[in-house]
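Mature numbering (1 follows the signal peptide of the UniProt record, and there is no 0) puts the sequence shown at residues -22 to -1, 1 to 237.
Because the hints were derived from the structure by calculation, they are not lab data. Treat the hints with caution; some may be incorrect.
[Unchecked claim] The calculated lysine to aspartate or glutamate pairs, modelled on EDC-like cross-linking and capped at a C-alpha distance of 20 Å, are:
# : residue 1 : residue 2
1 : K118      : D144
2 : K203      : E165
3 : K118      : D163
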Amino acid sequence: MNRNLFVALGLAVLVTPVAAAAADAGRMSAAQIVDRNVAARGGLAAWRAVNTLTMSGELDAGGKKETKLPFVATMKRPHKVRFELRFQDQTAVQVYDGTQGWKVRPFLGRDGAEPFTPAEAKAAAEWAELDGPLVDYARKGSTVELEGTDTVEGHRAYRLRLTTKDRVQRRVWVDASSFLEVKMDGEPRVMDGRPRPVAIYYREYGKENGLMMPHVVETVVVGVKPGHKMKIQRVAVNPPVDDAAFAKPQVAVPGAAGQ
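Using the sequences and the accompanying hints, generate a full structural model.
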C-alpha cells in the first residue's frame, strides 16, 4: 500500500489537492467510503468474477526460535474454507463446507477429524467471505455505518461499523488515503477465563490478477504481545478446486497399506 505516495511525489506540489481531497472525504457517507474501498481493491465486477482463491506462505508461530510454519489457505464460494498448517512433517487441517467444519490437530496428539464446536461453526460462517465483509455488503444483507475516524499505525482511517444479516457487528478501518482496509475486529479469544478483543491488521498490499490484496496479516490479542503475522507469498485467483477439498478430512491409519 502506497502510504507515502504524496511524500514521494513531492508534498509541496500536492498541498492544495490533498487538502481538497481531505475536505471532500470528510463529507463522505459510509456507502461512499465502501464504494471507494471496493474500487481501490480492484472493482466490484472483478471480485464478483472470483470463485476460488488460494493463498500460501508462512505463519509466524512465535517462540524463542521465531518458528515460521508453512500454510495453504483455500476459499471457494459461497462459504467454503480449507486451511492447512505444516509443522515437523505433520499437517494440521481445518475445513468448513459452508455448513459444518472439522479439524485435525496432530500437534496436540489429535489425529482424528473432530467436528467444529457450535462456537467455531458460528465463527466460520461469519468469517468465510472470500472477498471480505465490505464487497457486496448490501447483497449479503449487511449494513454499514460511519462511526468516525481514528489513527491506525500513524495514518488516518475511517471507522466503519458493519452489521451482518445475523446482527453480528464488527468494526472495519479504511485508510483515508488509499481506501484499503487497514484493520478489522477479529473473533474474541477466551484467555485466563475471559474474552479478549482481537484486532487484525492488513499491510503490504499488492496486485494479484488486478486485485489489491494484503500480503501481511497480523492478528493481535489486545493486551497480549506479540501478535502473530501471516506472510502471504503466493496467490492464485480462480484455480480449479473440487468441493471434496472441503469435506470431512480422511485421516490415514498408521500401518495401513501404502503407508
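Structure-based check of each hint:
| no. | hint | verdict |
| --- | --- | --- |
| 1 | K118 to D144 | holds, 10 Å |
| 2 | K203 to E165 | holds, 17 Å |
| 3 | K118 to D163 | holds, 19 Å |
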